[in-house]
Amino acid sequence: MNAGESLRKLRERKPLIHQITNYVVMNETANATLALGALPVMAHAREEVEEMVGFAGALVLNIGTLSPAWVDAMLAAGRTANERGVPVVLDPVGVGATRYRTETAKRILDEVDVAVLRGNAGEVATLVGVAAEMRGVESMGAGGDAADLARAAGRALGVVASVTGPVDHVSDGERVVAIANGDPMLASITGTGCMSSAITGCFLAVADSSFDGAVEALAAFGVAGEDAAVDAKGPGSFHVNLYDALAALGPATLDGRARVS
Amino acid sequence: MNAGESLRKLRERKPLIHQITNYVVMNETANATLALGALPVMAHAREEVEEMVGFAGALVLNIGTLSPAWVDAMLAAGRTANERGVPVVLDPVGVGATRYRTETAKRILDEVDVAVLRGNAGEVATLVGVAAEMRGVESMGAGGDAADLARAAGRALGVVASVTGPVDHVSDGERVVAIANGDPMLASITGTGCMSSAITGCFLAVADSSFDGAVEALAAFGVAGEDAAVDAKGPGSFHVNLYDALAALGPATLDGRARVS
Amino acid sequence: MNAGESLRKLRERKPLIHQITNYVVMNETANATLALGALPVMAHAREEVEEMVGFAGALVLNIGTLSPAWVDAMLAAGRTANERGVPVVLDPVGVGATRYRTETAKRILDEVDVAVLRGNAGEVATLVGVAAEMRGVESMGAGGDAADLARAAGRALGVVASVTGPVDHVSDGERVVAIANGDPMLASITGTGCMSSAITGCFLAVADSSFDGAVEALAAFGVAGEDAAVDAKGPGSFHVNLYDALAALGPATLDGRARVS
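Chains as they are written, first to last, in the numbering used here: chain S, 962 to 1222; chain R, 962 to 1222; chain F, 962 to 1222.
Be aware that one or more of the hints could be misleading.
All copies of an identical chain are treated as equivalent in the list; a pair is satisfied when it fits inside any one copy or across any two copies.
Stated by the list, open to error - With a cut-off of at most 20 Å between alpha-carbon atoms, the simulated SDA-like pairs for lysine to any residue come out as follows:
1. K1194 to P1212
2. K1067 to E1012
3. K975 to G1126
4. K1067 to N1043
5. K1194 to R972
6. K975 to A1148
7. K1194 to G1211
8. K1194 to G998
9. K1067 to E1008
10. K975 to P1145
11. K970 to D1173
It is worth saying that the hints were derived from the structure and are not from the lab. None of the values given here were measured: they were computed from a predicted structure.
So here's chain S without its partners, still in its complex pose (with noise of 0.2 Å):
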């Protein structure tokens, strides 16, 4: 775990982030991406994915607006995606709320290699069936430990699961490490989960492992939201704030203030 060095890296080789994202997000998950030092590109048609696909450090799956286009679209992409070594994150918005969204993201997990799974506890719940209360995409908690929970997605699903709340956990089915960054006020504007997702991606795209990457940009991400807090009103000037602490962030400041443990 080198967040810094990433984060350097990063910046270094402003790697192409391919999002096939929802529409409420896409212009936040674009301006977090570039913020953060990355190059975001949104293409969702079948006629391009698989090209786009081939020129980017990542590929970032969410199903926050679904419908079938866009799932035949991830789908494909997803696979070149393995088949170039473009390493493939996926954020299961709202799954559990509608059988729709729990089985495309399970047919996500079985048809594609994914290598980080990024959700919130109820999310991540649902995908391993364990008992979990989703209101819409808000989840409403999850039984039992969040770290456990973590383990036992990445240990079922075979993914790096990345579980984000109060405290983030992320776990390879063995390690479960837990980052303590953040502010409460992420959960006060929408696509802060979706965010996290997007720069998950971009840290998968200069880390040395997709565990170390996705606990990286956790600890990124929190960071630039403790510094976003700080002058904010309420959720709109936070919002503001949040592009430009993303892109303030430096790596020796990173490093110091990162809370992994």
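Given chain S, work out where chains R and F should sit, using these hints.
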């Protein structure tokens, strides 16, 4: 009418507000919903809308960027909402500008029991057959008096008509209430009409009646607009302030400043 | 060239700018259009684009997030715009990155009489067959001189070529004008290229010629970018300031600060 009490309930219960809305404002209406204190969910696939609306406190249909698959989903979601007793808000964005919008809005009004129709004077006038001038999705004014228009719409369409403008008017076809809150800067950014519809959905989920909810929502959004204008240097900073103001709005402030007559 | 006079006319006449654009920037280009003083309308359904464009002062086609139904709508709207004398702006976002984008941009240029082609150097170079390096939708530079590229594109494609970069160049194939306004922070957020295309549409609706409109638009957007950078702490606050600056831009200021040669 008890706007403060409804706001208190809304923050306590955090109802899910299912929105099938346009691409331009999805992020904005989701963030306005969150800032006020409810939970937004955007889902538009025919495969999941009926299941999703079953969890919702209100359904908001907005025709701002139409296409056939979305119209089908709106009708399916609307019918299910009616079966489950979930109140439906219709925002007929740009109706009158093209036949496709006019026909779609009329079809939704025919096939779905709409609780509140929230539009500008030109849009509402179009739907009741009164002469109106539309320029794209902007109303250039409608003939006659806004209070009369609201009453005529309420009567002709069997809805609570919520007609926004410099002064807003809400009518169920008999009673007419005027809401004199708001600020001219609300017209300087896109999506404020759509936000007022989303917020109408939020209040419908907790108010004593559709009429009360429609009035309370416009008072709340208007007071937030006034607060947002105070330090705004232009449309960009007004937009940011608007989310801060929605989040900061307290029940007592809302009751004290609502200008409803 | 009389940028101030065009800005004055634009605010007086409030032309409708019909935009068929990408999901990432729709809100941003709509708000930039409004902030400047024109009226945006986003409509992409095959069922309504021909009718909608009939009311428009300009049509902006942007291929940033393509799919077949959208391409059909762009072609239909473009042809109708040509019949009605409505000027068309094409923004070939990411052309060169995938065959689908390249073929679509060429097809639009073949089937629609495009008044202004607004792109970065890599995009424009791709369309005239000059070597260029694209990374997703970002230009990594093109061989040769930007003024020569603009002239070559104007000549080869029969358009006014508007090539943006550190210094912008506009050419009709004979004349070449350089616009030296702007700020490096414009590259720190997504959608500023798309905004410059939308603003080109705004100016085309009122300018004496497509050439003049293209130049005036880049001067106006560049001056607003300079103002937005003054107090910006990063990309988030720059983004907010940009809308404030567009709205605050006065005709005399624009004429005084435009660096056109």
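When Cα atoms must be at most 20 Å apart, do K975 and G1126 count as within-copy, between-copy, both, or neither? So K975 and G1126 pass the 20 Å test across copies only (19 Å; inside, 28 Å).
From the Cα coordinates, with 20 Å as the cut-off, is the pair K970 and D1173 best called within, between, both, or neither? within (14 Å within a copy, 43 Å between copies)
Could you place K975 and A1148 in one of the four classes (within, between, both, neither) given a Cα distance threshold of 20 Å? Between copies only: 14 Å across chains, 28 Å inside a chain, cut-off 20 Å.
20 Å Cα cut-off: does K1194 pair with P1212 within a copy, between copies, both or neither? between (27 Å within a copy, 18 Å between copies)
Checking K1067 and E1008: alpha-carbon separation at most 20 Å within a copy, between copies, both or neither? Answer is between; shortest inter-copy Cα gap is 16 Å, intra-copy 24 Å.
As a check of your reading, is K1067 near E1012 (CA-CA no more than 20 Å) within one copy, between copies, both or neither? Answer is between; shortest inter-copy Cα gap is 18 Å, intra-copy 25 Å.
At most 20 Å between CA atoms: does that hold for K1194 and G998 within a copy, between copies, both, or neither? This pair counts as between: shortest inter-copy Cα distance 16 Å, intra-copy 26 Å.
My question is about K975 and P1145: at a cut-off of 20 Å on alpha-carbon distance, are they close within one copy, between copies, both, or neither? between (30 Å within a copy, 17 Å between copies)
Checking K1067 and N1043: alpha-carbon separation at most 20 Å within a copy, between copies, both or neither? Within one copy only: 17 Å inside, 31 Å across.
I want to check one pair: K1194 and R972. Are their C-alpha atoms no more than 20 Å apart within a copy, between two copies, both, or neither? between (30 Å within a copy, 19 Å between copies)
My question is about K1194 and G1211: at a cut-off of 20 Å on alpha-carbon distance, are they close within one copy, between copies, both, or neither? Close across copies (15 Å), not inside one copy (24 Å); limit 20 Å.
When each numbered hint is compared with the structure, no violation occurs for any of them.
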